[in-house]
Amino acid sequence: ETGVTQTPRHLVMGMTNKKSLKCEQHLGHNAMYWYKQSAKKPLELMFVYNFKEQTENNSVPSRFSPECPNSSHLFLHLHTLQPEDSALYLCASSPYLGANTEAFFGQGTRLTVV
Amino acid sequence: DAKTTQPNSMESNEEEPVHLPCNHSTISGTDYIHWYRQLPSQGPEYVIHGLTSNVNNRMASLAIAEDRKSSTLILHRATLRDAAVYYCIQITGANSKLTFGKGITLSVRP
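Protein chains in written order, with the working numbering: chain R, 1 to 114; chain A, 1001 to 1110.
Same shape as in the complex, but just chain R (with noise of 0.2 Å):
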């Protein structure tokens, strides 16, 4: 249990759907990320928030559209998804954004676009 959470931990959802992916952190931290991790392949950064705002945007496709309304709570929406967006979504929390502290990741949902 590290403290992160994160909802639904698996998913199915068809390609004209429009679904939701929820983390939540009670530990005071200030800053939030989304990762992916497809199959066989090394995590990649999608977004990074500190303090609600969006620092980061790793040229995610705007299918994904992410929402950070507190530092404790970060969303995930998703919407006209393709079969090669299936992968693990993982969440992550910080106390800061910086080099010299640690990162929290939540269990991350399965998620599998049909």
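Source of the hints: derived by calculation from the structure; they are not laboratory data.
Mixed in with the good hints, there may be bad ones.
Okay, derived cross-link-like pairs now, DSS-like style, lysine-lysine, Cα gap no bigger than 27 Å in a straight line [said to hold, decoys possible]:
(1) K1097/A x K1003/A
(2) K22/R x K1003/A
(3) K1069/A x K1097/A
(4) K1102/A x K1003/A
(5) K22/R x K1069/A
(6) K19/R x K1069/A
(7) K22/R x K52/R
(8) K22/R x K41/R
(9) K41/R x K18/R
(10) K40/R x K22/R
(11) K18/R x K52/R
(12) K1003/A x K40/R
(13) K19/R x K41/R
(14) K1003/A x K19/R
(15) K52/R x K19/R
(16) K40/R x K1102/A
(17) K1102/A x K1069/A
(18) K1069/A x K1003/A
(19) K1097/A x K52/R
(20) K19/R x K40/R
(21) K52/R x K1069/A
(22) K41/R x K1102/A
On the provided structure of chain R, position chain A as indicated by the hints.
Same frame as chain R, now just chain A:
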């Protein structure tokens, strides 16, 4: 992005020490070296990080070379639960991005 190089895989025996190497020849003065590990079907887990001197915590030790161009993660007594992918990550102070490579897959033999 700052790059590190690690072997693809390593095998060890249970209850023996494990030394996982990492090269980071492009490291600059303010870059930290971080290690994370990922067990099967789980999110990555922080292991340890350091800047210049060696670091110890309850999970592992980190030995950083004097020129800082390489480091070694030391698991003092491997257990079966230590079988995982271990990632060595160089984080620059400028952008502070936690960028993962392929890591090294550690197998532990009973």
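Do the hints match the structure? See the list:
| no. | hint | in the structure |
| --- | --- | --- |
| 1 | K1097/A x K1003/A | holds (12 Å) |
| 2 | K22/R x K1003/A | violated (31 Å) |
| 3 | K1069/A x K1097/A | holds (19 Å) |
| 4 | K1102/A x K1003/A | holds (11 Å) |
| 5 | K22/R x K1069/A | violated (39 Å) |
| 6 | K19/R x K1069/A | violated (45 Å) |
| 7 | K22/R x K52/R | holds (15 Å) |
| 8 | K22/R x K41/R | holds (23 Å) |
| 9 | K41/R x K18/R | holds (25 Å) |
| 10 | K40/R x K22/R | holds (24 Å) |
| 11 | K18/R x K52/R | holds (23 Å) |
| 12 | K1003/A x K40/R | holds (19 Å) |
| 13 | K19/R x K41/R | holds (24 Å) |
| 14 | K1003/A x K19/R | violated (35 Å) |
| 15 | K52/R x K19/R | holds (21 Å) |
| 16 | K40/R x K1102/A | holds (9 Å) |
| 17 | K1102/A x K1069/A | holds (19 Å) |
| 18 | K1069/A x K1003/A | holds (11 Å) |
| 19 | K1097/A x K52/R | holds (17 Å) |
| 20 | K19/R x K40/R | holds (25 Å) |
| 21 | K52/R x K1069/A | violated (35 Å) |
| 22 | K41/R x K1102/A | holds (7 Å) |
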